[in-house]
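Asker: Residue-level listing of the chains:
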Amino acid sequence: MPDKHSLGDLDLLVLLALIRLGPEAYGVPIAREIEDKGKRAVALGTVYAVLDRLEERGLVKSELGEATQERGGRAKRYFHVTAKGLRDVRSTREALIAMWRGVPELA
Amino acid sequence: MKAAKWLLERFCVRESLVGDLVEEYGCGRSAWWLWRETAVAIARAVAPDLRHHWVLALRAVATGWLLNLVWVQLLAWVMLRYPMDLRAFFVVFNPLWPALTGWVIARTHKAHQGAMVIAYAVSFVIYMVYKFWGLFMFYRETGAGAYLLFVLPRIFVFFLVVLACTLAGGFLHRPSRAQSR
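Chains as they are written, first to last, in this note's numbering: chain A, 1 to 107; chain B, 1 to 181.
These aren't lab readings, by the way, just hints derived from the structure by calculation. Don't be surprised by glycine CBs; every beta carbon is placed ideally from N, CA and C. Among the hints, a few may not be true.
Which bits of chain A does chain B cover? Going by a derived footprint, with three or more residues having C-beta under 8 Å, they are [what the hints assert, rightly or not]:
hint: 1; region: 19 to 30
hint: 2; region: 44 to 50
hint: 3; region: 74 to 85
To give an idea of the interface, some chain B residues facing chain A are shown, with a C-beta separation under 10 Å as derived from the structure [claimed, not checked]:
hint: 4; residue: S16
hint: 5; residue: T38
hint: 6; residue: L135
hint: 7; residue: M137
hint: 8; residue: E141
Simulated restraints, written as ranges between beta carbons of each label pair [claimed, not checked]:
hint: 9; chain 1: A; residue 1: T82; chain 2: B; residue 2: F136; range: 38 to 48 Å
hint: 10; chain 1: A; residue 1: K37; chain 2: B; residue 2: L58; range: 57 to 67 Å
hint: 11; chain 1: A; residue 1: R40; chain 2: B; residue 2: Y127; range: 30 to 40 Å
hint: 12; chain 1: A; residue 1: R90; chain 2: B; residue 2: F132; range: 16 to 26 Å
hint: 13; chain 1: B; residue 1: W77; chain 2: A; residue 2: K61; range: 31 to 41 Å
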């Protein structure tokens, strides 16, 4: 039976990026973190779509930050992982570790 | 950047995402990057609207085609009543009716105008493809292949003008801040 706490690969990458970035996590650094560390180019629109979905599930929370000149007077929206989100990340990590255990060395 | 921002506002893309795009573009991203990101942002804004409000989308499509019927009847009535230089008339009338159609669809579906105008535009593109295919088969089977080269490009340009004017009319009306995410 599928675990309701399981996360898709992009969901997991976004959540891990939020955890790594801490309080300064908004669209631009999240996308850059996924591209640098996750080796995966992701459009900003896609990042926001994932964040919206995670927020609906209660795994992340967002708040408006300051508007700046560089952003044409538009405010940043900062995201952080909730306790429920952290639980789901841990649960997914344990599932992945269990699946990788015993897999022969890949060339 | 201005053109991209204009489009993003028309499709009610959230302000924070627009701000991110402005910030990244200011840091040296290319124009190609900007337009690719704009397309993704608009698609991500429109798709959920269409998925959650498919009944409204059907209504928008029906509204558009009903208006087309009205324009065709009006055109036929005018042509019968007032003989005139049809080329001049078409130059004026042809951009006007699709722009009005797009504008009416946007105004009658204010909360989701971007998605609804796109829904109608997609139905029009499907109609274009269907008509082109029909014409192509007709000319092929009647052996009048030479006319294909003459007729099809003109019809293609006509349909493109209609589509462009529909979108222009639909996005003339700027959504209010309350409608922006």
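Asker: So, for every hint listed, does it hold in this structure?
Answerer: A quick look at each hint next to the structure:
Interface restraint, the region 19 to 30 of chain A with chain B: holds (3 residues with C-beta to C-beta distance below 8 Å; minimum three). Check result for the region 44 to 50 of chain A against chain B: holds, 5 residues qualifying (beta carbon to beta carbon below 8 Å, three or more required). Chain B is given as covering the region 74 to 85 of chain A, and this holds because 4 residues of the stretch bring a CB closer than 8 Å to a CB of that chain, at least three being needed. Evaluation of the B/S16 hint against chain A yields a held restraint, the C-beta minimum of about 4 Å falling below 10 Å.
For B/T38, the suggested interface contact is upheld, since its CB lies about 9 Å from the closest CB of chain A, less than 10 Å. At its closest, the beta carbon of B/L135 sits 37 Å from a beta carbon of chain A; the interface hint therefore is violated under the 10 Å criterion. This hint is violated: B/M137 has a C-beta 40 Å from the nearest C-beta of chain A, more than the 10 Å allowed. Hint status for B/E141 relative to chain A: violated, with the closest Cβ pair at about 45 Å, above 10 Å.
The beta-carbon spacing between A/T82 and B/F136, approximately 57 Å, falls outside the hinted interval of 38 to 48 Å. Look at A/K37 against B/L58: about 44 Å separates their beta carbons, and that is not inside 57 to 67 Å. Hint check: A/R40 to B/Y127, Cβ distance near 39 Å, so the stated range 30 to 40 Å holds. Here the CB-CB span from A/R90 to B/F132 is close to 56 Å, at odds with the stated 16 to 26 Å.
At roughly 60 Å, the beta-carbon separation of B/W77 and A/K61 lies outside the given 31 to 41 Å, and the hint is violated.
In summary, the structure is inconsistent with hints 6, 7, 8, 9, 10, 12 and 13 from the numbered list given earlier, while agreeing with the others.
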